[in-house]
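Enquirer: As a plain string of letters, each chain reads:
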Amino acid sequence: MSHSEESHIHGPASLVLYIANFSALMVLTVLTIWAGMQDFGSLNTVIALGIAIVKAVLVILFFMHVIHSSPLTKLTIFASLFFLAIMILMILSDYLTRGFTGGLN
Amino acid sequence: MSATNTPHSQKGPETTHGHHPALAHHFVSMSQQHEANILGMWVFLVTEVLFFGGMFCAYTVYRIKFNTVFQEASNQLDITLGCLNTVVLILSSLTMALAVRSAQMGKSKEILGYLAATAVLGAMFLGVKYFEWKHDFQVHLVPRADFCWEYAKEQRKHADHHDKDVAFLPKLIGKFVGHHEYDPAPTIDQIAQDQKNPESQQARMFFVLYFAMTGVHAIHMIVGFGLIAAVAFFASKNTYGPEYYTPVEVLGLYWHFVDIVWIFLFPLLYLLGAHLGAGHGH
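Protein sequences, first through last, are from chains A and B.
Numbered per my numbering, the first sequence spans residues 1 to 105.
Numbered per my numbering, the second sequence spans residues 106 to 387.
Calculated from the structure, these hints are not laboratory results.
Predicted model only: the values in this text are computed from it and were never measured.
Glycine included, every Cβ here is placed at the ideal spot set by N, Cα and C.
There's no promise every hint is true.
[Claimed, not checked] Now the stretches of chain A that chain B is said to cover, found in silico as 3 or more residues with beta-carbon under 8 Å:
id, region
1, 18–29
2, 34–47
3, 50–58
4, 74–85
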């Protein structure tokens, strides 16, 4: 009845970790704005989304404590991203294959 | 587990049978209860991911369809204010994480302090959004019957010209106080004429998505304030400590999620056309 009982209540993280995470997020915010102002053509979107994903991962791992959450929690999060991916991919594969002119109809 | 017939609810913490008062009986231990609660909250956040995800999908489809006009429409938004809001919200995530940390250490006064800071920052965010939306209403960018794309573009051109040589700080303050000068409102005929233009309808689509997504996001923040108040109430009663801080952590998960949604909203809505160079605030 007492297998690994206290293993999931983690002690408080260090203040330094939180401040460091916040600083990293600030740097990435500045980077995102700078990159948005440049013209990288079609790469602009990729860069913007890439930086946003890195920021989201930092928030999830350290502010939301997922880095030491149970494997079941991590699986649940992955499931949400999996279904989100299905939704985006299936919607786009519908819309992007509609007209013979190559546009969206 | 109880040897008497006294209902559990009538027992004070001192007389409960050997476990933490917050432990519900269908759990073996506080740690198991904590893990179950966190998992439950994440399952809810999964539904939220798909909820916002649906709107992001709609955005994706229309952005591909109307790419050029979307860039121009995005430039009608104020990047400076969007950036300010991003910094404020990420800072509020820091203060929320620190509130959870204080709860883990059982420091009730600190919890209240950090929760208050989080609420103040959240209120700042909504305050800035209020000024952004107020401006959008005045330049006829709200996608309702009086949407007028040409009028909005004109006002933006005037504002950019007017602010050409104004320094950054006075310009920033001017977004909140002071009198904004707008041309006389467009007539019904002008609006009708404008709306016949496909470009106007495409720009209108951008603003449908902008108001829907930032609006739903703002509603989530307002709900967050209510939750902060509830958790703060219990924190003031010294409810939280190393053994039981789950509600604060769960609130933190909600708040961080709202922050993550904004982390995606900001580049997609505000920075879309920034490389065109006309993206600075009025």
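Enquirer: Does each hint hold? Answer for all of them.
Expert: Hints, verified against the model:
no.	hint	in the structure
1	18–29	holds (count 7)
2	34–47	holds (count 6)
3	50–58	holds (count 4)
4	74–85	holds (count 7)
When each numbered hint is compared with the structure, no violation occurs for any of them.
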